[in-house]
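Novice: In order, the protein sequence lines correspond to chains A and B. In terms of my numbering, the first sequence has 107 at position 107, counting the first letter as 1, and numbering is strictly consecutive. In terms of my numbering, the second sequence has 188 at position 76, counting the first letter as 1, and numbering is strictly consecutive.
No lab work stands behind these hints, which were simulated from the structure alone. Hints should not be assumed to be uniformly reliable.
Some chain A residues well away from chain B (every beta-carbon gap over 10 Å; in silico) [claimed, not checked]: (1) PRO12; (2) ASP33; (3) ASN35; (4) PHE67; (5) SER68; (6) THR77; (7) GLU86; (8) THR102; (9) ILE111.
Computed footprint of chain B on chain A; a stretch qualifies when at least three of its residues, placed anywhere within it, have a C-beta under 8 Å from a C-beta of chain B [stated by the list, open to error]: (10) 13-25; (11) 93-101.
Note that the coordinates shown come from a computational prediction; the quantities given were computed from them, not determined experimentally. Glycine included, each C-beta is placed from N, C-alpha and C at the ideal position.
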Amino acid sequence: DIVLTQTPLSSPVTLGQPASISCRSSQSLVHSDGNTYLTWLQQRPGQPPRLLIYKISNRFSGVPDRFSGSGAGTDFTLQISRVEAEDVGVYYCMQATQFPRTFGQGTKVEIK
Amino acid sequence: EVRLLESGGGLVQPGGSLRLSCAASGFFFSSYAMSWVRQAPGKGLEWVSIISDSGDSTDYADSVKGRFTVSRDNSKNTLYLEVNGLRPEDTAIYYCVKDQYCGSHSCSPPDYWGQGTLVTVSS
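Take the sequences, apply the hints, and build the full model.
Specialist: Laid out in C-alpha cells, this is it:
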C-alpha cells in the first residue's frame with residue numbers, strides 16, 4: 001500500500017499569515033494515464049471532509065484562491081496564502097492513483 | 113446540487129450486522145464509482161470500499177475484506193454497505209463518497225462526501 005506522510009501534524013498559525021503542509025508518498029503517484037491523482041481535503045470541526053484540491057494543483061469548485069497545491073512524483077504541498085478563521089480544521093492528503101486509496105495522517109491547523 | 117444522505121448506522125453488539133445506505137441525488141449516479149470511507153472517533157480517514165459505476169467491480173480494504181459487501185441500485189440512486197462480523201474497531205462514522213468518473217484520458221476526483229452515519233460496536 002502507498003503510505004502518505006504529512007508534516008507537520010499540527011500547525012498553529014497567526015491570522016493573515018501563510019501556512020504550508022507537506023505530503024510525501026512512499027512511491028510515485030503518477031498513474032499509467034499520466035495523471036497524478038493527489039487530492040487535498042479539509043475537515044472543519046464536526047463536519048465531513050470537503051475536497052479542496054485535486055490532481056495536485058486544481059482548485060475544486062468554490063474553493064478560495066488562497067488555497068494552492070503544488071508538487072510532483074512523491075512530494076506535494078498545500079499552501080494557504082493568508083489563513084482565515086474559517087480555515088481551522090484538519091487537512092488530509094489522499095491518493096487515488098492506486099488501490100487501496102490511502103490518506104495522510106492529517107494536519108491540524110489552528111489559530112495561535 | 114449533489115446530495116449524499118447516509119442512514120442505517122447504530123449501536124450493535126460485536127459479531128452483529130448492519131446495512132448502511134446512501135441515497136444520492138443531483139448527479140448522474142450510474143455514471144460514477146462510489147466509495148465508503150470511515151473515521152473512527154478522533155482519528156483519521158480510512159478508505160473502506162469502492163464499487164464501479166455499473167456495480168460489476170468492487171474492492172475492499174484488507175481490514176474489512178470478507179466481512180463487508182458493497183452494492184448499488186442504480187434504479188434507486190442508492191449505495192449500500194452490508195457490514196457483518198462487526199468488531200469494536202469498526203466503530204466509526206461511515207461516509208459515502210461520490211467517486212471517480214473516468215474518461216479516455218483522465219478521471220475526475222472523488223469530490224463529494226455525505227454527512228456520515230455512526231456505527232458503534234459495543235456490548
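Novice: With reference to the structure, classify each hint as holding or not holding.
Specialist: The hints, checked one at a time:
{"no.": "1", "hint": "PRO12", "result": "holds (19 Å)"}
{"no.": "2", "hint": "ASP33", "result": "violated (6 Å)"}
{"no.": "3", "hint": "ASN35", "result": "violated (5 Å)"}
{"no.": "4", "hint": "PHE67", "result": "holds (15 Å)"}
{"no.": "5", "hint": "SER68", "result": "holds (16 Å)"}
{"no.": "6", "hint": "THR77", "result": "holds (18 Å)"}
{"no.": "7", "hint": "GLU86", "result": "holds (18 Å)"}
{"no.": "8", "hint": "THR102", "result": "violated (7 Å)"}
{"no.": "9", "hint": "ILE111", "result": "holds (20 Å)"}
{"no.": "10", "hint": "13-25", "result": "violated (count 0)"}
{"no.": "11", "hint": "93-101", "result": "holds (count 5)"}
In this structure, the earlier hints numbered 2, 3, 8, 10 are contradicted, and the remaining ones agree with it.
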